[in-house]
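Construct all of the structure, not just a fragment, from the sequences and the given hints.
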Amino acid sequence: MIDDEAFDNQEQFQEFLSLLMRHRNSVGRIFEEEEIFIPLLFVDEEGTAHGNDWARGFMRGTHMHHESWKELVKDEEHAGPLVPIMALAYEHDPDPEMRPYKDEISAERREKLILGVAAGVTAIHEYFGPERRRIAAELGGGRTSYRQAERKIGRNDPCGCGSGKKYKHCCGKATL
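Those letters in the sequence shown? Residues 1 to 176, per our numbering, in order.
No wet-lab data here; the hints were simulated from the structure. Note that the structure is predicted; figures quoted are calculated from it, not measured. Be aware that one or more of the hints could be misleading.
Straight-line alpha carbon distances no greater than 20 Å define the calculated EDC-like cross-link-like pairs of lysine to aspartate or glutamate that follow [unchecked claim]: (1) LYS70 - GLU33; (2) LYS173 - GLU46; (3) LYS112 - GLU46; (4) LYS173 - ASP157; (5) LYS173 - GLU33; (6) LYS74 - GLU35; (7) LYS165 - GLU11; (8) LYS173 - GLU32; (9) LYS168 - ASP157; (10) LYS112 - GLU91; (11) LYS168 - GLU15; (12) LYS166 - GLU15; (13) LYS112 - ASP53; (14) LYS173 - GLU67; (15) LYS112 - ASP44; (16) LYS74 - GLU126; (17) LYS173 - GLU15; (18) LYS166 - GLU11; (19) LYS112 - ASP95; (20) LYS165 - GLU15; (21) LYS70 - GLU126.
In structure tokens:
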């Protein structure tokens, strides 16, 4: 169902979903190809990437599936990768008890936190690997290997997301 306040029409909603799936697929390819994940960060007027918006968005995502993340948060051995994300997410929290630092984060510390985010997301992805494989096995009827049921989409074929564009100009396009 379309939220009347968030989208003007069905076409706008479909465009949003298409962009979201393209981003999800590009991030998935990064992990599949064992490349380094680099978060997409907004830069302020001075050219500084603070990372707060990205970290808040990440934490919102964890709250959408709270039960799935609860185990990692409580796991003292594996929860470390969440620390830089939470530090950036709650840096400007109105509740002083939620703020990880009393003073503003220095440029040097911010850079280290952002590097920690990049490494942390990879570690978090690895942590949830067994769960992803379990779910895939359940959905695949117990198969552990992937077998393509249909012909592979070619670069010049219509994109499977329903945008009406060629695959190479839509979901198959490399995102920066």
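We went through each hint and held it up to the structure:
Of the pairs offered as hints, the one joining LYS70 and GLU33 is violated, with about 28 Å between alpha carbons and a cut-off of 20 Å exceeded. A distance of roughly 31 Å separates the Cα atoms of LYS173 and GLU46; the hinted pair therefore is violated under the 20 Å criterion. Only pairs whose Cα atoms come within 20 Å are accepted, and LYS112 paired with GLU46 is accepted, the gap being roughly 19 Å. At roughly 13 Å between alpha-carbon atoms, LYS173 and ASP157 fall within 20 Å of each other, so this suggested pair holds.
Taking the CA atoms of LYS173 and GLU33, the gap is about 16 Å. The hint holds against a cut of 20 Å. In summary, the hint linking LYS74 to GLU35 is not supported, as the alpha carbons are separated by about 28 Å, beyond the 20 Å threshold. The straight-line distance between the Cα atoms of LYS165 and GLU11 is roughly 14 Å, inside the 20 Å bound, and the hint therefore holds. Restraint check: the Cα-Cα separation between LYS173 and GLU32 comes to about 17 Å, which is no more than 20 Å; the hinted pair holds.
For the hint pairing LYS168 with ASP157, the CA-to-CA distance comes to about 8 Å; that is within 20 Å, so the pair holds. Distance restraint check for LYS112 and GLU91: the Cα-Cα separation of roughly 15 Å lies within the 20 Å cut-off, and the hinted pair is therefore satisfied. Our distance criterion of 20 Å between C-alpha atoms is met by LYS168 and GLU15, whose separation comes to about 16 Å. Taking the CA atoms of LYS166 and GLU15, the gap is about 15 Å. The hint holds against a cut of 20 Å.
Taking the CA atoms of LYS112 and ASP53, the gap is near 17 Å; set against the 20 Å cutoff, the hint holds. Simply put, LYS173 and GLU67 have alpha-carbon atoms about 34 Å apart, too far for the 20 Å limit, and the pair is violated. Distance check on the hinted pair: LYS112 and ASP44 sit about 18 Å apart at the alpha-carbon level, within 20 Å; holds. Annotation: proposed proximity of LYS74 to GLU126 holds, straight-line Cα distance about 17 Å (limit 20 Å).
Our distance criterion of 20 Å between C-alpha atoms is met by LYS173 and GLU15, whose separation comes to about 15 Å. In summary, the hint linking LYS166 to GLU11 is supported, as the alpha carbons are separated by about 17 Å, within the 20 Å threshold. Distance restraint check for LYS112 and ASP95: the Cα-Cα separation of roughly 24 Å exceeds the 20 Å cut-off, and the hinted pair is therefore not satisfied. The hinted pair formed by LYS165 and GLU15 meets the criterion: a straight-line CA distance of about 12 Å does not exceed 20 Å.
About 16 Å separates the Cα atoms of LYS70 and GLU126, which keeps this hinted pair within 20 Å; it holds.
This entry does not satisfy hints 1, 2, 6, 14, 19, going by the numbered hints stated previously.
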